Amino acid sequence: MNQTSALQCRLYTPFIRFSNIVHSTAAFFFLALFCAGLLRAAPVDDAKAQVFAQRWLAAVDQPLGADFSAQSEIVSIVPITNSSGATIAYNVTLSPSGYVIISADDRLQPVITFSGNGSYDDTPANPLRALLQIDLQSRLAAVAQLAPEGPAVRGVDPVEPPPAVLENKSAWERFTGPATRADAAEVVAEVWVGSFVKSQWSQGGGIYNYYTPTIYDHSYTFQEPGNPDNIVCGCTATAMAQVMRYFQWPQKGVGVKQGSANITLRDTIVNPDPISITMNLRGGNGAGGPYNWDLMSLSPTGDEDLETLQQIGALCLDVGLSVGMNYNRENKSESAGSPSPGSYTNFFKYSGAGNPGGADGARANLDARRPVLVVATMVVDPTTSHALFADGYGRIDGRWYYHLNLGWGGSANGWYNLEENVLFGGTPYQNQDGIAFGIGNIYRQRLQDNEKIDNAGRIISGRITDANGLPVAGVKVSIRKASQTPGEVWQRMLVWNEPIDPVATPVYKDWEGAAPGAGLYRHWTDANGIWAIDKVENGDYVIQLEKAGLEFLGTTDINVNKNRWGLNFVASPAGGLLSLQNWWYDGALLYLEFDRAIGNVLVNLGKIKVDNKNLLDSTVYQSDASNIMVIDTSTRFMPITIEDTSVVTIESGFLSIDVDGNNAYDGQDGINDLPSINAVEEKTNIAVGAAPADSAVTAITRVGASPQAGSEIKFTVSGTGLENITLQDFHLRVSSSGRRAVSVPSVSISAWDANSGEITLQVGAGEGLIRVDYIPGSGGTPFLQGEICHVDNAGPAIIKAELYGDNTYVTLTWNEPAGKNDNTALTPDSLRVLLHANGGIVENVSIDRITDGAGNPTGGALQEMRVYLKYNPGLDDAVGVPAGVETIEIKPYANAVYDAFGNVASEGNTSDELLLYKSNRPRLKK
Numbered sequence: 001m002n003q004t005s006a007l008q009c010r011l012y013t014p015f016i017r018f019s020n021i022v023h024s025t026a027a028f029f030f031l032a033l034f035c036a037g038l039l040r041a042a043p044v045d046d047a048k049a050q051v052f053a054q055r056w057l058a059a060v061d062q063p064l065g066a067d068f069s070a071q072s073e074i075v076s077i078v079p080i081t082n083s084s085g086a087t088i089a090y091n092v093t094l095s096p097s098g099y100v101i102i103s104a105d106d107r108l109q110p111v112i113t114f115s116g117n118g119s120y121d122d123t124p125a126n127p128l129r130a131l132l133q134i135d136l137q138s139r140l141a142a143v144a145q146l147a148p149e150g151p152a153v154r155g156v157d158p159v160e161p162p163p164a165v166l167e168n169k170s171a172w173e174r175f176t177g178p179a180t181r182a183d184a185a186e187v188v189a190e191v192w193v194g195s196f197v198k199s200q201w202s203q204g205g206g207i208y209n210y211y212t213p214t215i216y217d218h219s220y221t222f223q224e225p226g227n228p229d230n231i232v233c234g235c236t237a238t239a240m241a242q243v244m245r246y247f248q249w250p251q252k253g254v255g256v257k258q259g260s261a262n263i264t265l266r267d268t269i270v271n272p273d274p275i276s277i278t279m280n281l282r283g284g285n286g287a288g289g290p291y292n293w294d295l296m297s298l299s300p301t302g303d304e305d306l307e308t309l310q311q312i313g314a315l316c317l318d319v320g321l322s323v324g325m326n327y328n329r330e331n332k333s334e335s336a337g338s339p340s341p342g343s344y345t346n347f348f349k350y351s352g353a354g355n356p357g358g359a360d361g362a363r364a365n366l367d368a369r370r371p372v373l374v375v376a377t378m379v380v381d382p383t384t385s386h387a388l389f390a391d392g393y394g395r396i397d398g399r400w401y402y403h404l405n406l407g408w409g410g411s412a413n414g415w416y417n418l419e420e421n422v423l424f425g426g427t428p429y430q431n432q433d434g435i436a437f438g439i440g441n442i443y444r445q446r447l448q449d450n451e452k453i454d455n456a457g458r459i460i461s462g463r464i465t466d467a468n469g470l471p472v473a474g475v476k477v478s479i480r481k482a483s484q485t486p487g488e489v490w491q492r493m494l495v496w497n498e499p500i501d502p503v504a505t506p507v508y509k510d511w512e513g514a515a516p517g518a519g520l521y522r523h524w525t526d527a528n529g530i531w532a533i534d535k536v537e538n539g540d541y542v543i544q545l546e547k548a549g550l551e552f553l554g555t556t557d558i559n560v561n562k563n564r565w566g567l568n569f570v571a572s573p574a575g576g577l578l579s580l581q582n583w584w585y586d587g588a589l590l591y592l593e594f595d596r597a598i599g600n601v602l603v604n605l606g607k608i609k610v611d612n613k614n615l616l617d618s619t620v621y622q623s624d625a626s627n628i629m630v631i632d633t634s635t636r637f638m639p640i641t642i643e644d645t646s647v648v649t650i651e652s653g654f655l656s657i658d659v660d661g662n663n664a665y666d667g668q669d670g671i672n673d674l675p676s677i678n679a680v681e682e683k684t685n686i687a688v689g690a691a692p693a694d695s696a697v698t699a700i701t702r703v704g705a706s707p708q709a710g711s712e713i714k715f716t717v718s719g720t721g722l723e724n725i726t727l728q729d730f731h732l733r734v735s736s737s738g739r740r741a742v743s744v745p746s747v748s749i750s751a752w753d754a755n756s757g758e759i760t761l762q763v764g765a766g767e768g769l770i771r772v773d774y775i776p777g778s779g780g781t782p783f784l785q786g787e788i789c790h791v792d793n794a795g796p797a798i799i800k801a802e803l804y805g806d807n808t809y810v811t812l813t814w815n816e817p818a819g820k821n822d823n824t825a826l827t828p829d830s831l832r833v834l835l836h837a838n839g840g841i842v843e844n845v846s847i848d849r850i851t852d853g854a855g856n857p858t859g860g861a862l863q864e865m866r867v868y869l870k871y872n873p874g875l876d877d878a879v880g881v882p883a884g885v886e887t888i889e890i891k892p893y894a895n896a897v898y899d900a901f902g903n904v905a906s907e908g909n910t911s912d913e914l915l916l917y918k919s920n921r922p923r924l925k926k
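Quick note on my numbering: the sequence shown kicks off at 1 and runs consecutively.
If you are wondering where the hints come from, they were derived from the structure by calculation, not from laboratory data.
Hints should not be assumed to be uniformly reliable.
[To be verified] Below, computed lysine to aspartate or glutamate pairings styled on EDC-like, alpha-carbon distance capped at 16 Å: (1) 547 with 466; (2) 891 with 864; (3) 562 with 864.
Predicted model, so just to flag it, every value in this text is computed and none were measured.
Using the sequences and the hints, build the whole thing.
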């Protein structure tokens, strides 16, 4: 998010923000290109998966808290296949820890799931593998109908795929398309609710199956507690029990409650039918007494005290009995049962549990710190399913990821994208088998007056940010009935497990009908700006927000008849809607003066009219900290004439605030965008006013192309009163373009000519993005941001080198296309290869030829190339070579390797020493 006062020159389409015109143009180009013909290339091979993984990992650091900053070394990329042998995904294993699962079809979102810890286990028992099998085949079935692939048919126009598929392809293209020096891929990630369930439980090990039956060929018994060979408790029991461990409810004993189960014996030939049983729940003491929650370790190893194992085992058994668990289902050594809201309410004294109402309702639960049970069902085999739960969510490049606990001792937990824009998108896919949010709104007891604590109690939630999309913490939130007067309170926000004084107000206490009240708990937004009020009965309400010095923009009237998520607000220090105070013009330039600084707003030029004509396709110049906006109407598709008799009309939505920051980043899709909030007062037929006498800069544009090279670059300043501007009113902004192995150049302003409006800059060696801003008065507030100029005064550099397994070639990757000074391909005399022998017998090595990254001859500059080697004697002419330590190194000759701007590569560039080998394959990563 932009955390500074942003000044931007923007070309506007309604509600599209171009924070970087290079990136945005590329994004729209990709979408257009897909419609033109890339759609048919759906399958993703391992080479494309590797390119994506490398570039994506290079662009992320700690997405949603998963730390890849020191874990970006790719160890292997292995296909994940379905039962038919078809590749449905790729497992990217990282060193020293972590993994990323990438889809194998470019109609799907590329990154399915990831974790900074552990590794992916592709064995059938792993629930993550089961989830991927269920989920990805469901997605593939959906996109097969949404966007079928096939060879082009002459004379038949291809069917344009839906936006969700186009945007998935765009996400792939961002990280696998031809690399350009002007477009450094960026990944934008933000946590909304971090993972809050800390347990990492599994299904067996003599812990979770402590009390489950021991099953034999012709009999079973419940009399072998602690036997690790007892049947597993089942994923449903593990998921639901972990949720109960989180809530630590019930506090009292379950009493005499009779559950049921089905048991399949091992010899199904003699005993083909399951045996149905009923038995009482154990509770914490074997007779329905209270569970001892404190003894239930969050990550048990089996070495704990016996009572710990017994408490966990009793809970998992009781949950299994409450759902009618099928032990040893189909004689597969599995246990299966369906999560049930009635299990919580009928067996364990919860006051409410029910369907959360899809993805929005699930996120409302997570905002309220209430985990949501998730059920995944196999499309091709509806009897195959898996139960898990979600306990956090966030967003990466506009797509929602959920933190999932899969009940595999924590090793399968991670952030998972459910691609709800495809699977939850409507007929016929809303009924598509796959992943569904099953149980939410899990309530223990009443904590304040007026709470609806049964299944009809709803959750409403949202987020509060400032105008830059940054979260605002500490805002008190309450609701009143629509019939109540302002200031009255019906219910307050209340975070059930965050009492202000945990000693005076214990989290885990049965209040036995008493309601301690919201005043004893956190009832304000957290660091991520999240608020939630749960147990709300159906009806009409008004949302009330309080924080000293702030007012809030957003819709406060709400009808509650289901869970409602995304009730977002923007906080403003000044408060209220922006109001147009004056306007004037200078030719085609329209000046709008508001009552205060406009802030970081979106502009919809369809919502402003001059003489009843909208200003779409005009160019806007604005500054967060200025109260003046300039619109250049000369770029409008049909120019208009502004006269002294003209009038301006501003409609609601002309200026709006991007409540979640999603529109502020390039490369994000619009599927999950939240509606922006109007920020301007409507005004009709406002007559022209007088222009102020002060100077007004309307634009700062670069002279020449971007990128460009050279020690001197120029910008042109447009506006009025330029003679009143001094060199000190201009300020430089120099930033990295994201290119690796290069530093930004030193830059200084050497001259300002007010007569010609020209600024001259001196630029040193390096590469980066240079911008000149106009900031009147030293230390004053920004008025106008200049256009960016990408300057490249740095030669290409080697950023990766890998020796192929048979020693025949080295794949070199540069940080930009490298060639000769006429931009033709490098030849063997452009690079030199050095042999460093220590005990080996290879006497000479030289370069045979240079090709593109696939081994094909090429005529132009390349960013990735193969450097083929030849040896004397040849490696195949001797036995046991190379021997000892024997390495090669590749470097450019002096004045031999250039980029497109004539910048020469330094002789200090090196592949580093690469070890010759026969069978092992070490990898060098710079």
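Tested hints:
1. 547 with 466: 13 Å, holds
2. 891 with 864: 15 Å, holds
3. 562 with 864: Between residue 562 and residue 864 the Cα gap is close to 54 Å, so the pair fails against 16 Å, i.e. violated.
When held up to the earlier numbered hints, the structure conflicts with hint 3 and nothing else.
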